[in-house]
Amino acid sequence: MLNKIYKWSSSWTGTIVIVLGIIFFIAQAFVIPSGSMKNTLLIGDMLFVKKFSYGVPTPTIPWLELKVLPDFNNNGHLIEGERPKRGDIVVFRYPHNPDIHYVKRAVAVGGDIVALKDKVLYLHPKEGNEYVKTEFKDYKTIEISGKLFVANPYSKEHKGIHNDPNVTRDIGPKELFDMHPIVIPEDETFMMGDNRDHSNDSRFWGSVPYKYIVGTPWFIYFSWDSDYKIRWDRVFKTVESLEKNIDITKEIKHEEGIY
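All letters in the sequence shown, in the order written, are residues 74 to 332 by the numbering used here.
Check the hints yourself; a few may be wrong.
[To be verified] Here are the computed lysine to any residue pairs in the SDA-like style, where the Cα-Cα straight-line distance is at most 25 Å: (1) K123 x K140; (2) K232 x E138; (3) K310 x I321; (4) K190 x K123; (5) K192 x D251; (6) K190 x E248; (7) K210 x G183; (8) K284 x T133; (9) K140 x V90; (10) K232 x P171; (11) K199 x N225; (12) K284 x V92; (13) K158 x P106; (14) K229 x T311; (15) K284 x K192; (16) K123 x E138; (17) K232 x K284; (18) K284 x G184; (19) K247 x Y167; (20) K123 x D251; (21) K140 x I152; (22) K213 x M252; (23) K220 x Y167; (24) K123 x D298; (25) K310 x E329.
[To be verified] FRET-style restraints, in silico, Cβ to Cβ: (26) N147 x S228: 31 to 39 Å; (27) P143 x T322: 32 to 40 Å; (28) K247 x S218: 17 to 25 Å; (29) H327 x K80: 26 to 34 Å; (30) S218 x V104: 39 to 47 Å; (31) I173 x H327: 19 to 27 Å; (32) V256 x K140: 28 to 36 Å; (33) D300 x I173: 54 to 62 Å.
Calculated from the structure, these hints are not laboratory results. Just so it is clear, the structure is predicted and the values come from calculations on it, not from any experiment. Each residue gets a CB set at the ideal place from its N, CA and C atoms; glycine is no exception.
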């Protein structure tokens, strides 16, 4: 039996089936195309996406974006799983064009309330005020209509989150600065890039339903910069390990616009 399995896996058919099985259910290669997650993830980072983090998405042939199976559960997943948690980095399909993949950080989940004022993100978790007091005790909070809001949550744990002081109200889109409080719909996630003033995210087009969630970055298998110089210090590193070594004193060069 083992000999037959070995011969089958060594054949073209077996190889294709195994590779597609890995892509469908375990991991898929993904290249960071823009600077919206700088300095957590950089342009030219090539990483594997862990596709079973939030259930198993309905299998799709990559590049062709052809569904192999119908969406039996009507939620974009063959096997339903956990939803993204606050602070997770998530790979997902852009809701307005599902053939395009985005990578952003989950900043609010269904039932949470989020708002923006002068670029500051405010979060009121659905668990309520006591949850804020225990889980965000090191953060600045404000009270609005009896609800406690956390100012700039996640910024202490994730050093890649930052703003660009050169983006001011006279040159930046209004969505970067202010947003009235909104309640995130159930089973949806509000996404933002760590490069806050240069990220095309939920501030512009809304929260992401679970059906579009693909997975979370696993590890970087290769990385190079715009001059094709290999970043050896990032190869075979997890995002969590890279975050711990981000130098927040280093000047960040930004390209204009949102991406």
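How the hints compare with the structure:
no., hint, result
1, K123 x K140, "19 Å, holds"
2, K232 x E138, "34 Å, violated"
3, K310 x I321, "19 Å, holds"
4, K190 x K123, "34 Å, violated"
5, K192 x D251, "7 Å, holds"
6, K190 x E248, "10 Å, holds"
7, K210 x G183, "22 Å, holds"
8, K284 x T133, "13 Å, holds"
9, K140 x V90, "16 Å, holds"
10, K232 x P171, "30 Å, violated"
11, K199 x N225, "17 Å, holds"
12, K284 x V92, "24 Å, holds"
13, K158 x P106, "24 Å, holds"
14, K229 x T311, "19 Å, holds"
15, K284 x K192, "29 Å, violated"
16, K123 x E138, "18 Å, holds"
17, K232 x K284, "29 Å, violated"
18, K284 x G184, "17 Å, holds"
19, K247 x Y167, "21 Å, holds"
20, K123 x D251, "34 Å, violated"
21, K140 x I152, "15 Å, holds"
22, K213 x M252, "19 Å, holds"
23, K220 x Y167, "31 Å, violated"
24, K123 x D298, "24 Å, holds"
25, K310 x E329, "29 Å, violated"
26, N147 x S228: 31 to 39 Å, "36 Å, holds"
27, P143 x T322: 32 to 40 Å, "52 Å, violated"
28, K247 x S218: 17 to 25 Å, "24 Å, holds"
29, H327 x K80: 26 to 34 Å, "54 Å, violated"
30, S218 x V104: 39 to 47 Å, "44 Å, holds"
31, I173 x H327: 19 to 27 Å, "22 Å, holds"
32, V256 x K140: 28 to 36 Å, "32 Å, holds"
33, D300 x I173: 54 to 62 Å, "27 Å, violated"
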